[in-house]
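Colleague: Sequence:
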Amino acid sequence: MPTAQTTEGADFAEIFRAHAPRVWRALRRLGVREADVEDLCQEVFVVVHRKLPAFEGRSALSTWIYGICVRVASDHRKRAHVRRERPTDEIPDDRQSAPQLKELEREQMRRLLDRALDTLDDDKRAVFVLYEIEQLEMPEVADALSCPLQTAYSRLYAARKIVKRAVLAATEGGAR
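Numbering-wise (this note's numbering), the sequence shown opens with residue -1 and increments by one.
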(Lines of atoms letter the chains of each structure in order from A and count residues from 1; the text may use other names and numbers.)
(Lines give C-alpha, C1' and ligand atoms only; values in the text may rest on other atoms or scores of the structure.)
Protein backbone atom coordinates (compact mmCIF):
# COMPACT_ATOMS: atom_id res chain seq x y z
CA MET A 1 0.00 0.00 0.00
CA PRO A 2 1.53 3.35 -0.97
CA THR A 3 2.15 5.79 1.85
CA ALA A 4 2.87 9.49 1.86
CA GLN A 5 6.58 8.68 1.77
CA THR A 6 6.32 6.31 -1.20
CA THR A 7 3.96 8.51 -3.20
CA GLU A 8 5.88 11.78 -2.75
CA GLY A 9 8.30 10.80 -5.48
CA ALA A 10 5.84 8.68 -7.41
CA ASP A 11 5.61 9.34 -11.10
CA PHE A 12 2.23 11.03 -11.54
CA ALA A 13 1.99 9.84 -15.15
CA GLU A 14 2.29 6.27 -13.88
CA ILE A 15 -0.48 6.85 -11.34
CA PHE A 16 -2.65 8.34 -14.07
CA ARG A 17 -2.04 5.40 -16.44
CA ALA A 18 -2.79 2.88 -13.71
CA HIS A 19 -6.01 4.48 -12.47
CA ALA A 20 -7.53 6.51 -15.33
CA PRO A 21 -9.49 3.63 -16.94
CA ARG A 22 -11.16 2.76 -13.62
CA VAL A 23 -11.85 6.41 -12.84
CA TRP A 24 -13.37 6.91 -16.29
CA ARG A 25 -15.61 3.84 -15.88
CA ALA A 26 -16.62 4.81 -12.34
CA LEU A 27 -17.50 8.35 -13.45
CA ARG A 28 -19.78 6.95 -16.15
CA ARG A 29 -21.48 4.58 -13.70
CA LEU A 30 -21.85 7.43 -11.25
CA GLY A 31 -24.01 9.23 -13.81
CA VAL A 32 -21.56 11.44 -15.70
CA ARG A 33 -22.45 11.89 -19.38
CA GLU A 34 -19.90 10.63 -21.88
CA ALA A 35 -19.52 14.18 -23.21
CA ASP A 36 -18.33 15.29 -19.75
CA VAL A 37 -16.39 12.28 -18.54
CA GLU A 38 -13.04 13.26 -20.05
CA ASP A 39 -13.14 16.69 -18.38
CA LEU A 40 -14.17 15.21 -15.05
CA CYS A 41 -11.54 12.49 -15.26
CA GLN A 42 -9.01 15.26 -15.72
CA GLU A 43 -10.56 17.13 -12.77
CA VAL A 44 -10.18 14.02 -10.59
CA PHE A 45 -6.49 13.77 -11.45
CA VAL A 46 -5.93 17.49 -10.91
CA VAL A 47 -7.21 16.95 -7.37
CA VAL A 48 -5.10 13.79 -7.02
CA HIS A 49 -1.99 15.67 -8.17
CA ARG A 50 -2.70 18.59 -5.84
CA LYS A 51 -3.44 16.42 -2.79
CA LEU A 52 -1.00 13.55 -3.39
CA PRO A 53 1.65 14.96 -1.03
CA ALA A 54 -0.97 14.94 1.75
CA PHE A 55 -2.02 11.31 1.08
CA GLU A 56 -1.38 9.56 4.38
CA GLY A 57 -1.63 5.97 3.22
CA ARG A 58 -4.40 5.05 5.68
CA SER A 59 -6.12 3.38 2.72
CA ALA A 60 -5.03 2.06 -0.64
CA LEU A 61 -4.19 4.74 -3.20
CA SER A 62 -6.99 3.41 -5.41
CA THR A 63 -9.52 3.76 -2.57
CA TRP A 64 -8.42 7.35 -2.00
CA ILE A 65 -8.75 8.09 -5.73
CA TYR A 66 -12.23 6.50 -5.81
CA GLY A 67 -13.25 8.83 -2.98
CA ILE A 68 -12.15 11.83 -5.01
CA CYS A 69 -13.93 10.39 -8.05
CA VAL A 70 -17.21 10.03 -6.13
CA ARG A 71 -17.04 13.61 -4.83
CA VAL A 72 -16.26 15.04 -8.29
CA ALA A 73 -19.11 13.03 -9.86
CA SER A 74 -21.52 14.07 -7.11
CA ASP A 75 -20.66 17.74 -7.52
CA HIS A 76 -21.08 17.43 -11.28
CA ARG A 77 -24.44 15.65 -10.96
CA LYS A 78 -25.67 18.41 -8.63
CA ARG A 79 -24.59 21.07 -11.12
CA ALA A 80 -26.19 19.08 -13.97
CA HIS A 81 -29.42 18.82 -11.98
CA VAL A 82 -29.46 22.59 -11.59
CA ARG A 83 -28.97 22.83 -15.37
CA ARG A 84 -31.66 20.12 -15.77
CA GLU A 85 -29.35 17.85 -17.74
CA ARG A 86 -30.03 14.12 -17.90
CA PRO A 87 -27.43 11.56 -18.94
CA THR A 88 -28.64 9.96 -22.15
CA ASP A 89 -25.59 8.49 -23.84
CA GLU A 90 -24.45 4.93 -23.44
CA ILE A 91 -21.50 3.66 -21.43
CA PRO A 92 -19.10 1.94 -23.81
CA ASP A 93 -17.77 -1.44 -22.86
CA ASP A 94 -13.99 -1.74 -23.03
CA ARG A 95 -14.06 -5.52 -23.43
CA GLN A 96 -13.50 -7.26 -26.78
CA SER A 97 -16.56 -7.33 -28.99
CA ALA A 98 -18.60 -10.55 -29.09
CA PRO A 99 -21.02 -11.76 -31.73
CA GLN A 100 -23.69 -9.16 -32.48
CA LEU A 101 -26.49 -10.89 -30.57
CA LYS A 102 -24.46 -11.13 -27.38
CA GLU A 103 -23.31 -7.54 -27.84
CA LEU A 104 -26.93 -6.42 -28.21
CA GLU A 105 -27.90 -8.32 -25.06
CA ARG A 106 -25.02 -6.74 -23.13
CA GLU A 107 -26.00 -3.31 -24.41
CA GLN A 108 -29.59 -3.85 -23.28
CA MET A 109 -28.38 -4.97 -19.85
CA ARG A 110 -26.12 -1.90 -19.55
CA ARG A 111 -29.05 0.37 -20.42
CA LEU A 112 -31.23 -1.39 -17.88
CA LEU A 113 -28.53 -1.03 -15.23
CA ASP A 114 -28.02 2.64 -16.10
CA ARG A 115 -31.76 3.32 -15.76
CA ALA A 116 -31.81 1.47 -12.44
CA LEU A 117 -28.78 3.44 -11.21
CA ASP A 118 -30.53 6.67 -12.16
CA THR A 119 -33.23 5.86 -9.58
CA LEU A 120 -30.69 5.98 -6.73
CA ASP A 121 -29.66 9.06 -4.79
CA ASP A 122 -25.95 9.94 -4.92
CA ASP A 123 -25.04 8.21 -1.62
CA LYS A 124 -26.68 4.90 -2.48
CA ARG A 125 -25.45 5.04 -6.07
CA ALA A 126 -21.85 5.58 -4.97
CA VAL A 127 -21.94 2.61 -2.58
CA PHE A 128 -23.63 0.38 -5.18
CA VAL A 129 -21.20 1.33 -7.95
CA LEU A 130 -18.06 0.96 -5.83
CA TYR A 131 -19.12 -2.34 -4.26
CA GLU A 132 -21.14 -4.13 -6.93
CA ILE A 133 -19.53 -2.80 -10.12
CA GLU A 134 -16.00 -1.72 -9.18
CA GLN A 135 -15.82 -4.60 -6.65
CA LEU A 136 -14.15 -2.75 -3.81
CA GLU A 137 -14.32 -4.38 -0.39
CA MET A 138 -16.92 -2.78 1.87
CA PRO A 139 -14.33 -1.26 4.27
CA GLU A 140 -12.70 0.38 1.22
CA VAL A 141 -16.09 1.69 0.08
CA ALA A 142 -16.76 3.19 3.50
CA ASP A 143 -13.28 4.71 3.54
CA ALA A 144 -13.63 6.14 0.02
CA LEU A 145 -16.97 7.72 0.96
CA SER A 146 -15.82 8.85 4.41
CA CYS A 147 -18.75 7.18 6.12
CA PRO A 148 -19.06 4.57 8.87
CA LEU A 149 -18.92 0.97 7.69
CA GLN A 150 -22.45 0.24 8.95
CA THR A 151 -23.76 3.26 7.04
CA ALA A 152 -22.18 1.91 3.85
CA TYR A 153 -23.82 -1.47 4.46
CA SER A 154 -27.20 0.20 5.06
CA ARG A 155 -26.89 2.22 1.86
CA LEU A 156 -25.94 -0.90 -0.10
CA TYR A 157 -28.93 -2.81 1.29
CA ALA A 158 -31.29 0.02 0.36
CA ALA A 159 -29.66 0.46 -3.07
CA ARG A 160 -30.01 -3.24 -3.86
CA LYS A 161 -33.72 -3.12 -3.04
CA ILE A 162 -34.27 -0.06 -5.23
CA VAL A 163 -32.25 -1.48 -8.13
CA LYS A 164 -34.08 -4.80 -7.89
CA ARG A 165 -37.43 -3.01 -7.94
CA ALA A 166 -36.36 -0.89 -10.94
CA VAL A 167 -35.11 -3.93 -12.86
CA LEU A 168 -38.27 -5.91 -12.11
CA ALA A 169 -40.44 -3.00 -13.20
CA ALA A 170 -38.48 -2.64 -16.45
CA THR A 171 -38.46 -6.34 -17.35
CA GLU A 172 -41.72 -7.97 -18.28
CA GLY A 173 -43.76 -5.41 -16.37
CA GLY A 174 -42.37 -6.64 -13.09
CA ALA A 175 -43.45 -10.27 -13.57
CA ARG A 176 -41.56 -12.65 -11.30
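Any given hint could turn out to be false.
[Claimed, not checked] Now the in silico label distances, taken between C-beta atoms and shown as ranges: (1) Arg56 / Ala167: 32 to 42 Å; (2) Glu12 / Arg113: 31 to 41 Å; (3) Phe14 / Cys145: 36 to 46 Å; (4) Asp119 / Glu32: 36 to 46 Å.
[What the hints assert, rightly or not] The calculated SDA-like cross-link candidates involving lysine to any residue, where the alpha carbons are at most 20 Å apart (straight line), are: (5) Lys49 / Arg109; (6) Lys49 / His17; (7) Lys76 / Asp119; (8) Lys159 / Lys100; (9) Lys162 / Leu111; (10) Lys49 / Lys76; (11) Lys49 / Ala33; (12) Lys159 / Asp119; (13) Lys49 / Leu110; (14) Lys76 / Arg113; (15) Lys49 / Glu32.
Hints in this document: simulated from the structure, not taken from any laboratory.
The structure presented is a predicted model; accordingly, all values stated were derived computationally and were not measured.
The beta-carbon is built from N, C-alpha and C at its ideal position, and this holds for glycine as well.
Colleague: For every hint, state whether the structure bears it out.
Modeller: These are the hints, each one checked on the structure:
1. Arg56 / Ala167: 32 to 42 Å: The hint (32 to 42 Å, Cβ to Cβ) holds, given that Arg56 and Ala167 are roughly 41 Å apart.
2. Glu12 / Arg113: 31 to 41 Å: Holds, at about 37 Å.
3. Phe14 / Cys145: 36 to 46 Å: This hint is violated: roughly 27 Å between Cβ atoms.
4. Asp119 / Glu32: 36 to 46 Å: violated, 22 Å
5. Lys49 / Arg109: Judged against 20 Å, a Cα distance of about 35 Å means the pair is violated.
6. Lys49 / His17: holds, 16 Å
7. Lys76 / Asp119: With a Cα-Cα distance of about 11 Å, the restraint between Lys76 and Asp119 holds, given a limit of 20 Å.
8. Lys159 / Lys100: Answer violated: Lys159 to Lys100 is near 27 Å, above 20 Å.
9. Lys162 / Leu111: holds, 10 Å
10. Lys49 / Lys76: violated, 23 Å
11. Lys49 / Ala33: violated, 26 Å
12. Lys159 / Asp119: OK: Lys159 and Asp119 at ~13 Å, within 20 Å.
13. Lys49 / Leu110: Violated - the C-alpha atoms of Leu110 and Lys49 are around 36 Å apart, more than 20 Å.
14. Lys76 / Arg113: Since the Cα atoms of Lys76 and Arg113 sit roughly 18 Å apart, the hinted pair holds (cutoff 20 Å).
15. Lys49 / Glu32: Given that 20 Å is the threshold and the Cα spacing comes to 26 Å, the pair is violated.
Violation of the numbered hints given earlier is confined to hints 3, 4, 5, 8, 10, 11, 13, 15; the remaining hints are satisfied by the structure.
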